[in-house]
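Trainee: Could you put together the complete structure from these sequences and hints?
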Amino acid sequence: MPAKDDDRSTPPPLPEPLAVAVADSHTHLDMQAGTPAEGLARAASVGVTTVVQVGCDVPGSRWAAELAAQYEQVHAAVALHPNEAPRIFLGDPDGWSGQQRPAGGQAALDAALAEIDALAALPQVLAVGETGLDYFRTGPEGVEIQKESFRRHIEMAKRHGKALVIHDRDAHEDVIAVLLAEGAPERTVFHCYSGDAEMAKVCAEQGWYLSFAGPVTFKANQPLRDALLATPLDRILVETDAPFLTPHPYRGRPNAPYLIPVTVRSMAATLGLHEDELSTAIAGNTARAFGY
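Residue numbers (our numbering): 1 to 292.
Keep in mind that the hints were calculated from the coordinates and are not lab data.
Just so you know, not all the hints are guaranteed correct.
Per label pair, the in silico range of CB-to-CB distance [as the list claims (entries may be wrong)]:
| id | residue 1 | residue 2 | range |
| --- | --- | --- | --- |
| 1 | R251 | K158 | 25 to 31 Å |
| 2 | V202 | E155 | 20 to 26 Å |
| 3 | A269 | E141 | 40 to 46 Å |
| 4 | A204 | E277 | 18 to 24 Å |
| 5 | A114 | K201 | 34 to 40 Å |
| 6 | K201 | D30 | 31 to 37 Å |
| 7 | A33 | K158 | 34 to 40 Å |
| 8 | G252 | V202 | 29 to 35 Å |
| 9 | E144 | L14 | 44 to 50 Å |
| 10 | F218 | E144 | 31 to 37 Å |
| 11 | E205 | D170 | 20 to 26 Å |
| 12 | L14 | R159 | 24 to 30 Å |
Here a beta-carbon is modelled for each residue, glycine too, at the ideal position from N, C-alpha and C.
Mentor: Written out as structure tokens, the structure reads:
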């Protein structure tokens, strides 16, 4: 029996194509069904012609760099996710997949960061991230390790002249404090922005970019739409974070870059803009933010 269109395991249908092409500023093609070539073709068919493939650990960052070397429309971001750094430091066997995995501790974290640093030097790698702080999944014992990793990613981004991609979950004040203390890179992007309008104003004052994902379309998330309204048009990006955070009305079903038009149209309605005007802004903003 064929699956119903509203089956949660069924990918949502292709949306109407955007007239002005945009970029998905944050996606994980390695976690999505099908091949990267298939995912990129579906995205391009609806006007999503560029994607930033984001690594969350050493193997994922290697994969992102390799994919970006293979496809002109793919740019890579490499990093240890905030939750990855404590796992490596504390010796989690799943936190490292090199040929000779260190047993944990500072040596393990240093070795992993050295690999990320080498990848960040590659020309197809345009960003260091996603890095930052995540207090939702990592307990108090991991906070200082996360902060050390975050600081070292910031230094790496500045030294290589790459954008910095921030993961910020339940850690708004500390993320901003670390950025201000260390000196944020010239191009800093808050991935899947989750703060309020006041925080958006602070970010705007610093010239940081805010990338909005599927949650901005959810009915209960008016504070997030207020944050979008508080963000200058020249600092707005859009992303999927696929396969996660699928936009309304497909929440709970598989996400992919081809669903960017759904989020763009919702954002345009919130901002009172024609979708072509917002798409034009997003396309230019993403190119400036990542330097392509």
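Trainee: Tell me the numbers of any earlier hints that the structure contravenes, in ascending order.
Mentor: 1, 12
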